[in-house]
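One-letter residues, chain by chain:
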Amino acid sequence: MKKLINTPDHLLHDALAGLAAAHGDILTVRFNPDLVVRNDAPVANKVALIAGGGAGHEPLHTGFVGRGMLDAACPGAIFTAPVPDQIFAATKSVHSGQGVLYLVKNYTGDTLNFEFAAEMAELADIEVATVLIHDDVAVQDSLYTAGRRGVGLTLLLEKIVGAAAEAGADLATCQQLAAQISAHGRSMGMALTSCTVPHHGKPTFELPADEFELGIGIHGEPGRQRAKMASAAAIAEQLALPIIADLPFQAGDEVLALVNGMGATPLIELYVMYNELRQILNGHGITITRRLVGNYITALDMAGCSFTLLKLDPQLTTLWDAPVCTPALRWGV
Amino acid sequence: MKKLINTPDHLLHDALAGLAAAHGDILTVRFNPDLVVRNDAPVANKVALIAGGGAGHEPLHTGFVGRGMLDAACPGAIFTAPVPDQIFAATKSVHSGQGVLYLVKNYTGDTLNFEFAAEMAELADIEVATVLIHDDVAVQDSLYTAGRRGVGLTLLLEKIVGAAAEAGADLATCQQLAAQISAHGRSMGMALTSCTVPHHGKPTFELPADEFELGIGIHGEPGRQRAKMASAAAIAEQLALPIIADLPFQAGDEVLALVNGMGATPLIELYVMYNELRQILNGHGITITRRLVGNYITALDMAGCSFTLLKLDPQLTTLWDAPVCTPALRWGV
Amino acid sequence: MHPGIALGCLIAETAMHITAQQILVFVGKAAHSIQTQRDYLTDLDAAIGDADHGINLDRGFSAVLIRLPDVADQDIGTILKTVGTTLVSTIGGASGPLYGTAFLRAGMTVAGRFTLSPEELVVALEAAMLGIQTRGKSMRGEKTMLDALAPAIDTLKATLASGDDLPIALCKSVNACETGMRSTIPMLATKGRASYLGERSIGHQDPGATSMFLLAQALLDTLDT
Amino acid sequence: MHPGIALGCLIAETAMHITAQQILVFVGKAAHSIQTQRDYLTDLDAAIGDADHGINLDRGFSAVLIRLPDVADQDIGTILKTVGTTLVSTIGGASGPLYGTAFLRAGMTVAGRFTLSPEELVVALEAAMLGIQTRGKSMRGEKTMLDALAPAIDTLKATLASGDDLPIALCKSVNACETGMRSTIPMLATKGRASYLGERSIGHQDPGATSMFLLAQALLDTLDT
Ligand SMILES: Nc1ncnc2c1ncn2[C@@H]1O[C@H](COP(=O)(O)OP(=O)(O)O)[C@@H](O)[C@H]1O
Ligand SMILES: Nc1ncnc2c1ncn2[C@@H]1O[C@H](COP(=O)(O)OP(=O)(O)O)[C@@H](O)[C@H]1O
Ligand SMILES: [Mg+2]
Ligand SMILES: [Mg+2]
Ligand SMILES: [Mg+2]
Ligand SMILES: [Mg+2]
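Those protein sequences? They're chains A, B, C and D, same order as listed.
The first sequence begins at 0 in numbering that gives the first Met the number 0 and counts up one residue at a time.
The second sequence begins at 0 in numbering that gives the first Met the number 0 and counts up one residue at a time.
The third sequence begins at 0 in numbering that gives the first Met the number 0 and counts up one residue at a time.
The fourth sequence begins at 0 in numbering that gives the first Met the number 0 and counts up one residue at a time.
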């Protein structure tokens, strides 16, 4: 394992210290429990948004703390949901009396720890609501799974609900908006290589040189199946068609498209994938009216990509376009 | 070789098509010869800035076309300087009568092709000036080398001179400013892995699991030496100390720091490196007043990073802070 | 790196009660075993999860070891609840709340007690299991830690009912726990991260069932010395 | 993938002049050889450069092949200038302007000519070399294409002066070119990308010197058939 780290034990602390030093104008980092909090939190008369999850997905979530997006992020250990104490500490730091919305990716660990934290918040008389994000079409939401995973849609949801909260929407409205986004967004991902969890020291899985993993999540888990290596066009189809079929997206739809790298995929390849996605959607009469191309929701040093589509309406589009000022997403300011 | 591409022959075209589709609000892509041009070019009464170089360094340069930065970028084949025809076509597209400034990374191929293009522009009565960027302290500027390479400073120079041009600075002023930036900026890079040039199909060099390359450029070339794998802190020293010693940077200096990933390095590691750099500079009494952390000047899928330091003064800081609206760098708008 | 097989049930006659002191020893042994098997547990998790189960539990039990002296003279309920809250606030992931809840719920059934009868042990274990099931919305047969815990409790109850001494009963129970752990290999996962793999989860031993077996073994070791 | 060694100089007596037709054949053979040795050239460039030299030249010479029919009935100067401008506008990198300039400058010395005497060939080659030196600000001994070209010209001049026929002279010249190519192996690079490597450039054959040898060989092959 070759990584630019000191020791696996110090990785998260060092990275957070770097984040704090680099973006002290936007956010503050606190340690033990580890929290990243918007500098002006609690923001008066605003619903507070908290997201969290294992580290290793940077810039998610810590890079999305700031005006127009998250009030706080709770980074757990690498790929490990944060502990309730962290989430509760964040809750106390950011709530301004208008309620707190937990934005939770649907994994057993995340839901359980946020559940615990919500119980603690309830005892402390802080109003909390929770939204589960579960957009990964690679997983069937059935009795036979822990339900669909939360992946790429997370970023879009954080941005859009963040804009609504910033504009003064109340807790119920934010929650409803999140539910609407969940209902209209779908994702799917693939990997060319596994990642290496620092404490583990070796790749989580080994892929032959001529195969890729289809239907991966964002934790280096193997995907639903292995497939023979193929062209960007063919891979784009294998990602896009299940997404389109699932909602389904239909001719005439306007969508926000996220082409996301898994951490080690260079931008040049992501633009190739965006080009393929665009052509596939064109063929279905679906128009991309907003888009984002880059490494936003990563799995450490995994190579690969994911597609996320979110059906837009004028309200969502306006909220997407609203100013945002975070380390990793910034426009309008 | 596993990459998200169709064929090596189509990679650049597909990526440019993706860029065009994603950022049509900012730029236009033309093919044969390949150009990326700011939508509102030629901008009346403005010095036009053109940069170019081999592809494979994305977002450099194509991702930096737009208001407040480049008027045009000329992407050559992967790691291959663009041909004069491209540069000349770009020149004709963007010049508004106030002259054109070529921002050229100092490599034999780049200087020769821009030289050719400048000769063509001269014949066409377009005023052209050229600035060479050569910030890599890993290479000694001596009779025994092709001179220092242009690396990380390129992005900072494009941004700052871009802001000056946008504000109405004339050609001579822009050129002088570029020279000032060149005089006050230095870089150094390292690689954990080589990259794979798509047409070549295999890694340019092989690195043992316990070694890294120190003093690399941005084309997958081997570096000046191999070193035993070390902690982030130790690697940061090996990058920062030669930079500091070279200018030299001194106690009391205020600097802009760029911690740049080589394409396959996840953000979490770059923040660790930023944290180390900051501490080293602290120890030297040097203060980081502006910074950028991310994969900006890459070498395809190479893992590794580079540091760039630029000594700031109030004028440079103001120009750095000025609004910029490009695919890869955006603030103030 | 493979955890030892449970010993054959060749245990000498010993006391019929578990003391608070033994609970402390048990927790220490459990922490030690988790640390020793950290990489093995993580490797198991790499195959069908995200390669952190050993890392997670080791972080949690290391924190427990630091807290343990604070409750060295306390009752079993307090000890178990301290273990539980420490696990909850240091592990994270799925296993943190699940193991944490297990210890918390077990502790609640034995509040104020300095010794436990075999029957009280069974009640505590059943509370632990119910805690996991409730938090995890899970049951036996889903390829989780429950598949090691449930048969262990079943066997413990049956063999105690048939008149076995606690050490013998616990020995048989740990054997059942091991069998349960192994039974996860052919199972299709329907809970936790492994469920995302569908059919590909088959053929791998569940990391949580494995750590559960390590805990059971630690308890047996404690009574056995 | 290693380019063949230059043939021994066992060449039959042939004409003392080079025709425009032969120049076309030469360019075709050169393009073919570059294509065949594309990966070999790129591998050489991977060792001390950026792994694109074969890719670059193949792109350029493939474009030349497409342009060639347009000048099939033109004079040698026009043919060479067309090759030069095509290389300049399709290769890029260092080798594009350098090879392009070489063909352009050679072409300028033979404008309007349909045959070349050996002396005119020498003049054209010297102009080509001077073009590379001027553009590249380089000279012999810096581990570049010049280290193959310069000895080839020296030998060509000397052997012609000593009375050899053109085919014999060219054969000896190509041998010198090959020796020059190999002489780059122990050299320290002081120009181009390889110079960044410092001492680590030693021990590798220069890709540009190798492609220069392939061109020389193609010329010899042309006169030889
Ligand atoms: N719903 C559940 N009920 C019971 N046990 C579960 C459940 N989900 C997961 N587990 C157990 O947790 C283990 C994984 O723990 P760990 O790797 O630490 O957490 P994570 O899955 O969050 O990475 C699994 O091997 C399984 O035994
Ligand atoms: N200044 C120079 N003068 C002469 N030849 C040079 C010079 N610089 C580079 N070369 C030649 O160019 C070759 C590299 O060409 P190529 O790989 O196509 O370009 P690049 O270095 O831009 O990738 C080198 O092997 C060398 O022979
Ligand atoms: Mg985990
Ligand atoms: Mg090149
Ligand atoms: Mg796990
Ligand atoms: Mg090259």
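Misleading hints may appear alongside valid ones.
Residues from chain A shown here face chain C by an in silico Cβ test under 7 Å; the list is partial [as the list claims (entries may be wrong)]:
id, residue
1, 75
2, 78
3, 84
4, 115
5, 171
6, 198
7, 203
8, 220
Calculated directly from the structure, the hints in this document are not laboratory data.
Cβ atoms here follow ideal geometry from the backbone N, Cα and C, with glycine treated the same way.
Comparing the hints with the structure gives:
1. A least Cβ separation of about 4 Å between residue 75/A and chain C falls short of the 7 Å threshold, and the interface hint therefore holds.
2. For residue 78/A, the shortest C-beta to C-beta distance to chain C is roughly 5 Å, which falls under 7 Å, so the interface hint holds.
3. The interface hint given for residue 84/A is met, as the beta carbon of that residue sits about 4 Å from the closest beta carbon of chain C, less than 7 Å.
4. Taken as an interface hint, residue 115/A checks out: its beta carbon lies about 6 Å from the nearest beta carbon of chain C, inside 7 Å.
5. The restraint placing residue 171/A at the interface with chain C is violated, with a minimum CB-CB distance near 26 Å, outside the 7 Å limit.
6. Look at residue 198/A: its Cβ gets to within about 4 Å of chain C, closer than 7 Å, so that hint holds up.
7. With its C-beta approaching chain C no nearer than about 5 Å, residue 203/A sits inside the 7 Å limit, and its interface hint holds.
8. At about 6 Å, the closest approach between the beta carbon of residue 220/A and any beta carbon in chain C falls short of 7 Å, and the interface hint on this residue holds.
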